[in-house]
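K.L.:
Chain A is already provided as a structure; the job is to place chain B on it using the hints.
Chains as they are written, first to last, in our numbering: chain A, 185 to 331; chain B, 206 to 349.
Treat the hints with care, since some could be wrong.
Claimed, not checked - Partner residues aside, some chain B positions facing chain A, computed with beta carbon under 8 Å:
1. Glu238
2. Val239
3. Asn302
4. Thr303
5. Val304
6. Cys330
7. Phe339
8. Ala342
9. Glu343
Keep in mind that the hints were calculated from the coordinates and are not lab data.
Predicted, not measured: the structure shown is a model, and the values here were computed from it.
The C-beta atom is built at its ideal place from N, Cα and C for all residues, glycine as well.
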Amino acid sequence: MSTVLVGRLYRFNAGHRLFHPERDDAWNFDVFGKCSFAGGHGHNYELEIVVRGTPDRLTGRVLPLAALDAIVDEHVIEPLDHRNLNDVLALVDGPAPTTEVLMLEIWRRLVGRIPPPVSLHRVAVSETDKNLFELEARASTALNPRG
Amino acid sequence: MDATPRVEITRKARFCAAHRYHREDWTDAKNQEVFGSCNNPFGHGHNYEIEVTITGDVDPETGMVLNLREVDAIVQGEIVARFDHRHINEEIDEFRNTVPTTENLVLYAWRRLAPVFADRGVRLCRVRLREDPFLWAEFRGDEA
Chain A
185 MSTVLVGRLY
195 RFNAGHRLFH
205 PERDDAWNFD
215 VFGKCSFAGG
225 HGHNYELEIV
235 VRGTPDRLTG
245 RVLPLAALDA
255 IVDEHVIEPL
265 DHRNLNDVLA
275 LVDGPAPTTE
285 VLMLEIWRRL
295 VGRIPPPVSL
305 HRVAVSETDK
315 NLFELEARAS
325 TALNPRG
Chain B
206 MDATPRVEIT
216 RKARFCAAHR
226 YHREDWTDAK
236 NQEVFGSCNN
246 PFGHGHNYEI
256 EVTITGDVDP
266 ETGMVLNLRE
276 VDAIVQGEIV
286 ARFDHRHINE
296 EIDEFRNTVP
306 TTENLVLYAW
316 RRLAPVFADR
326 GVRLCRVRLR
336 EDPFLWAEFR
346 GDEA
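Next up, chain B with everything else stripped away, as it sits in the complex:
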């Protein structure tokens, strides 16, 4: 039996970005009806918070699952640097034709982060993305 304790660690990062909920293939009226104020022209913005949770064995030499310096570098490189002070619809290719809801953003973050953590020998187990204190989306990977 594997006696090594599995530990989850969670690191938070922040970025500020603009977005707009809008579908080109819908009329203005339908966009307004479905998306409300999130459809207002030119977009709006949020102070996003991303919580990244990874799990793995605690390294007996360092006492760490993964050095937080590495965790920060990964989250910074994959997410924060791409999104911070950008307009998501205009500047992130994946969202030119996909509505940048919190749900879709958390799935995007998972797709970027999971393989990078896997390369470091740890498993991404949860990404939680808050657009403000009152709304968040969370993804734990596709269950088998």
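If we strip away everything but chain A, and leave its shape as in the complex, we get:
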């Protein structure tokens, strides 16, 4: 049977401040610019989640969209929407919630939760309509517990 990718777009809003807590203001402004301003700021994030699998012979679906929505809502949207990302992210990939760090954490939160044989294929986050950050399964096997 044919492997199909299914993509879904989600939105959430969150605040953040990009700064390294162990560096001084001058260093932070030099690296992060106005994103380092003390009060923080926020964005309307757009999140693309793409899964791969084979359409079910009877339903024609790779997976029930309600099931995907429930997973993404529980593990990403609910915990992040209208929150401060500096507070709610684990920040394991960097000192500040850049979109790269945010995206890697979203990947980790979802990758083991997509019910097999369906798998997570791609996560993409845009912070504003001028930037897009993408992570695809084949380039990130280290982050994929099923290899």
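P.N.:
Same frame as chain A, but now just chain B:
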């Protein structure tokens, strides 16, 4: 070594169509449980967007992989003319007994488009079909 750069080009087209998720061999209750509002009687509709990506050598005379006029004619003839302002379950034979999910529609589009582009000497490498801004399906061909 082949020094000719391979370029992918993507063209978008739109059509509006109705569909309903329903299996005759299931009870009404099961249809409602599995398909939810997509099972409501008489169907509903979407403004679909199809993105067709092809790849091939850039023709040194025209600077093109394939004239977009030809790309448009193929997508129009194979897909848009068949689907636009139609009820997919009722009017496309392949979907009389197959649920017209976005996944099945993208596979159908691939089956129609791939051989036609192959005849023109270019390779279809991706079809992406959006039923709305929040849901899409994508097919890149059967991997060996």
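K.L.:
Now tell me, hint by hint, if it's right for this structure.
P.N.:
How the hints compare with the structure:
no.	hint	result
1	Glu238	10 Å, violated
2	Val239	6 Å, holds
3	Asn302	11 Å, violated
4	Thr303	6 Å, holds
5	Val304	4 Å, holds
6	Cys330	13 Å, violated
7	Phe339	5 Å, holds
8	Ala342	5 Å, holds
9	Glu343	4 Å, holds
In this structure, the earlier hints numbered 1, 3, 6 are contradicted, and the remaining ones agree with it.
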